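Listed in order, the protein sequences are those of chains X and L.
For what it's worth, the working numbering labels the leading residue of the first sequence as -10, then goes sequentially.
For what it's worth, the working numbering labels the leading residue of the second sequence as -10, then goes sequentially.
Calculated from the structure, these hints are not laboratory results.
No experiment lies behind these values; they were computed from the predicted model shown.
Any given hint could be a false lead.
Since the list gives no way to pick one copy over another, a pair counts as held whenever it fits inside one copy or between any two copies.
[What the hints assert, rightly or not] Derived pair list, reagent style SDA-like, types lysine to any residue, alpha-carbon separation capped at 25 angstroms:
1. 65 <-> 32
2. 374 <-> 105
3. 414 <-> 42
4. 24 <-> 366
5. 88 <-> 140
6. 265 <-> 105
7. 245 <-> 323
8. 262 <-> 225
9. 68 <-> 251
10. 139 <-> 244
Number of protein chains: 2
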Amino acid sequence: MYRTNFIADITPEMEQKEIVVAGWIHNIRDLGAKKFILLRDATGIGQVIIERNTKAFEASNDLSLESAVQIRGIVKSDKRAPRGVEVHAEDIVVLSKAKSPLPLDVYGKVKADIDTRLRERLLDLRREEMQAVIRIESEAVRSFRENLYKNRFVEIFTPKIIATATEGGAQLFPVIYFGKEAFLAQSPQLYKELLAGAVERVFEIGPAWRAEDSDTPYHLSEFISADIEMAFADYNDVMGIVEDTIITMANKLKEKCSAELETLNYRLPDISKPIKRITYTEAIETLQSLGVKIKFGDDLATPELRTLNEHLKTDLYFVIDWPAEARPFYTKRKDNKPEISESFDLIFRWLELASGSSRNFRREVLENELRVRGLNTYNFEYFLKWFDYGMPPHAGVGIGLQRLMLMFTGLQNVKEISLFPRDKKRLVP
Amino acid sequence: MYRTNFIADITPEMEQKEIVVAGWIHNIRDLGAKKFILLRDATGIGQVIIERNTKAFEASNDLSLESAVQIRGIVKSDKRAPRGVEVHAEDIVVLSKAKSPLPLDVYGKVKADIDTRLRERLLDLRREEMQAVIRIESEAVRSFRENLYKNRFVEIFTPKIIATATEGGAQLFPVIYFGKEAFLAQSPQLYKELLAGAVERVFEIGPAWRAEDSDTPYHLSEFISADIEMAFADYNDVMGIVEDTIITMANKLKEKCSAELETLNYRLPDISKPIKRITYTEAIETLQSLGVKIKFGDDLATPELRTLNEHLKTDLYFVIDWPAEARPFYTKRKDNKPEISESFDLIFRWLELASGSSRNFRREVLENELRVRGLNTYNFEYFLKWFDYGMPPHAGVGIGLQRLMLMFTGLQNVKEISLFPRDKKRLVP
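If we strip away everything but chain X, and leave its shape as in the complex, we get (with noise of 0.2 angstroms):
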């Protein structure tokens, strides 16, 4: 180990204390006699002093932001230190130099553009606001994980290299695959699907993949999709396990992640249960009566969702029940009213973080809806079988993990929320 003490573990009470921290040069003020270092490490950023006559000062020469190095001092309280802290160093070790001037400034609160950003990624990721995503986000899927263990749900892990595709052919990567052509998974939906089929609850947070034309702030080729399946259950259990989780997941990090909100300056939403639903045909209706021209089987697109959320005056909300003809073939008629669907859509404002449906679980249904959709039975073959041995009534939901994020962060773009963003222009760094 480099260190004997990560930065936030050092307090008042280890005063005279001698120890060894270790992190990169995250500012340095040099006021001639002394100099004041910030140092950053994985806990937080600490107050480092360095005054003339030590064997430190001598080594402080050659020292450039973003530098690692490894630091020998007494720890001393004072008032004015960030949490009332700072290390007098005796000696500096610099463990790998940081060229200067660096190319993006990891320091200061200006953003460079998200070109340049994302070109910079490994200096962009230890500016304090990156820092602070990706703790939200570890938090999050922990605790998203942990509310579904509690409610029975196993992990599991299912292929990315699929032979076919689950929706039809469109947006899909190929991969030649032993010679064979091969595709990346869109989704883990129809082996999630025959999991729930044999272990009834399961869930999932892997990567998938849409070869997406479109450059939004939304949309990324490859994306981590998390998905939950659950057998015995129709859309409105599954809205129910989302709504649990999704409020458990923000009251955690309200809880152990308020400095990295605030770090963002960002005040979670409001979520409490019930999360509002409203129907496809009401929202229809309603769109209707404020003006915009819009008719049933029409798609709800981001400015009719940005009225939509102005009406409701809600930050999140369920919009059910959507034509059956407008979902894929997986997604289960009410049995009472064929042309509309068990499905949902969770929206954050106008922004669509997840979709559900109960499933069909007949075979001959299935069958037919994939015939409906022009799609050929027969590729499907390895689906359908199972369906002939026992597929009991099942429904379930993917969530868009890096949109969920926007929600929890601020961020106004996902690109900047995958640490390493794919899509038609980027596939380095």
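Use these hints to put chain L onto chain X, whose structure you have.
Positioned in the frame of chain X, the structure of chain L alone reads:
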């Protein structure tokens, strides 16, 4: 919801209570005047009695094994029944009828051959043995993550579509990425190193791909890699974390999955601190003293590891300090002995579970190691450039989850562990 109670939640205290259960018909015994059903749900298997002259009795004529059903009935305690309770059925609704005969026996203890099992995987995964494996894996990854959170690690998601091979061009699956050639990541290696250079302690559990030509019980072309990377640390620190994490996992499994381990008739190996460490050089000398024809620089393949394991008489051990030339370019050499690297493999009996090392963190060293291996530094420039920005000393490890699960389940083949394994001949289901 299709049920009021899970099977595991029915207790003798609920005597005479009316409940609704749902699940699959695991077995039926027809005694003429009575039928005994074993009903299986996510939580276990329970006994249902159907007596003549009930509505349920009529409905029960249509029952087939593995059909999904909903049963309303009365709880009665009975010492002879599993868990001391049984449900006396009043009504049965068949939600989804399974055809019979089934191509695979779910109830019986006799295993089909692996090809049949993987072809009929939905049924195979319903077998008690596989249910136990799935639950053990879910609990294993849960405790893996919890131990890392406790040690201040954050969870990351690295890109899976990459522009350049991590360790040369072999064994890569090409992806057609918007008309350009790209590849599926063999490991998150370079990205996790960069992230350690930004947030210090990171981990990821995610898919990785190797175009493995060989068909062995230990190889998959798509596997789950559990990765750890730490900044301001060396390979000894990482071995400490691995040791601590594996022991935590084993203890959690003993505590929470004792029933599952019993189902598998498996006793976890005794693992305690410290996990034995033997240098590669000692291993070679030991093997030589045992009459094995082997010399410094040779790989330790399965036969040699079997011999070593017999001699060491320990289930789990680290082989450390491998010849530098046998390890990837990012592996750090020992400062005082450059032909040896700061590296380790974790071995379960004769199977490599994990591989780790201290990493090179100086650009000129990395460039040299690439050249020595005949790799083009130009292709790695996107990675190398970050080493100008204060990359600290760091170290890490990659663990093969499915292999680790062999140790935690007693199974013999990673294709049984992977829910839908991918290999040279398997792309479906």
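* With identical chains treated as interchangeable, where does the CA-CA distance between residue 414 and residue 42 reach 25 angstroms or less: within a copy, between copies, both, or neither? -> Neither: 53 angstroms inside a copy, 70 angstroms across copies.
* Asked: Is it within, between, both or neither when you check residue 139 against residue 244 at 25 angstroms Cα-Cα?
  -> both (19 angstroms within a copy, 17 angstroms between copies)
* Please work out whether the CA atoms of residue 88 and residue 140 approach to 25 angstroms or closer within one copy, between two copies, in both situations, or in neither? => neither (51 angstroms within a copy, 31 angstroms between copies)
* If the cutoff is 25 angstroms on CA atoms, where do residue 245 and residue 323 land: within, between, both or neither? Let me know, please. => Neither, since 41 angstroms and 40 angstroms both go past 25 angstroms.
* To do: Tell me, please, which holds for residue 265 and residue 105 at an alpha-carbon limit of 25 angstroms: within, between, both or neither?
  => neither (40 angstroms within a copy, 48 angstroms between copies)
* How do residue 374 and residue 105 come out at 25 angstroms by Cα distance, when the copy is not named: within, between, both, or neither? -> between (50 angstroms within a copy, 15 angstroms between copies)
* Asked: Between residue 68 and residue 251, at a C-alpha cutoff of 25 angstroms, which is it: within one copy, between copies, both, or neither?
  -> Result: close within a single copy only, 21 angstroms intra versus 59 angstroms inter.
* To do: Tell me, please, which holds for residue 262 and residue 225 at an alpha-carbon limit of 25 angstroms: within, between, both or neither?
  => Close inside one copy (14 angstroms), not across copies (48 angstroms); limit 25 angstroms.
* Can you give me the call for residue 65 and residue 32, within, between, both or neither, at a CA distance of at most 25 angstroms? => within (19 angstroms within a copy, 56 angstroms between copies)
* To do: Could you place residue 24 and residue 366 in one of the four classes (within, between, both, neither) given a Cα distance threshold of 25 angstroms?
  => neither (72 angstroms within a copy, 39 angstroms between copies)
Of the numbered hints stated above, those contradicted by the structure are hints 3, 4, 5, 6, 7, listed in ascending order.
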